[in-house]
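There are 2 protein chains.
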Amino acid sequence: MCVEYGTSLEMEQVSPWKREPDFMSISPAATLPVLMEDGAAPIVGPLASLNFIERRFSPSSVAGLIPADPAMAAETWRLLEWVLFKLGDEVTRYLLEEKIGKRERKNGAPDTGVLRAAKANLNEHLLYFDWILGSRTWTAGSEMSLSDFALAAHLSTLDYLGDMDWANAGATRDFYARMKSRPAFRPLLADRLSIMAPSENYSNLDF
Amino acid sequence: MCVEYGTSLEMEQVSPWKREPDFMSISPAATLPVLMEDGAAPIVGPLASLNFIERRFSPSSVAGLIPADPAMAAETWRLLEWVLFKLGDEVTRYLLEEKIGKRERKNGAPDTGVLRAAKANLNEHLLYFDWILGSRTWTAGSEMSLSDFALAAHLSTLDYLGDMDWANAGATRDFYARMKSRPAFRPLLADRLSIMAPSENYSNLDF
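Residue numbers (the numbering used here), protein chains in the order written: chain X, 1 to 207; chain D, 1 to 207.
Hints listed in this document are in silico derivations from the structure and should not be mistaken for laboratory results.
Since the list gives no way to pick one copy over another, a pair counts as held whenever it fits inside one copy or between any two copies.
Listed below are the simulated DMTMM-like cross-link pairs for lysine to aspartate or glutamate, each with C-alpha atoms no more than 25 angstroms apart in a straight line:
(1) Lys18 to Glu124
(2) Lys18 to Glu37
(3) Lys18 to Glu97
(4) Lys86 to Asp22
(5) Lys99 to Asp111
(6) Lys86 to Glu54
(7) Lys99 to Asp191
Just need the whole structure built from these sequences, with the hints factored in.
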């Protein structure tokens, strides 16, 4: 997303489920992301990070990812909130914990009941986003915005884990194909977790 | 909070747990608050509402509730996120559902196991905020900000429900006493739910 603002980041992988003391002393609730800059206090959490980046780089360097139109800006925040705190809490965090967290901590096999519940929740969320994206170019309307990057990040995670059923989410698939092709997004598709390979078509632009 | 921005709102009570069709057609996930303005699309959810109000009224009419200092602004967003999506999801929504939602829907007695878990979570959150407020005037630092209003709103709800143990949260109590005395906050203390009276000292400024 920073690339869209004309800047870049060095990424460092953190496993919040390990609750490592150094990390917890910076982010007491093990919240990600954390932005670190030399000589400045760490910026903790998605809202602080997004607002920091937006304030630092927009509108001086780029137009930014919050639409100027008030109704579209409201849709951006409503759907960003939906992705981070509903899709995230009802779907993504369960699948990450069961498939990655438990494996990294050597803490047993995924709980199939939890996986099943998370997948059922995912279906409901995809019905909603497919309905939204069936009538709009981007999640918030006619302009690309922060909520597109939030949704694409979660779709990418779910796709990596092999949990996306693209055949039943055509409008979402078209949206994600456009996001995947953006310069900001393509390098991320090369990232790999050492503990688990991605699903077959994860980094294919044509999937 | 709007009073701090030099404006005001007419409040209308909604019971999101009733999932009434008119309300759901505006807020498909039954998220509150919803800002309605004649001739404009509804603004749905806390992030959309806060950003809308901040953009509309600040800095033209008031300084606003997002500190200019980047580190303090980051703390504002980090703690706002904490209150809305951690304290809210782990404590307040369970207590509201068990004590108010179930009663309004005539759906049985509160589940004592859920109440006990929510209270245990509340203790952990209060330890954290008491630690924060032991070394700062306001949650984000030396300036009052959005995160103070978010925390005060949750403390007020928890206090109304009789779930605040002020004796064990001295710094939080001092903070809340200051918030209660503000012109923006005092009228709210007169509001009552028809279904349940507030705890004994709910509207006392000296509690």
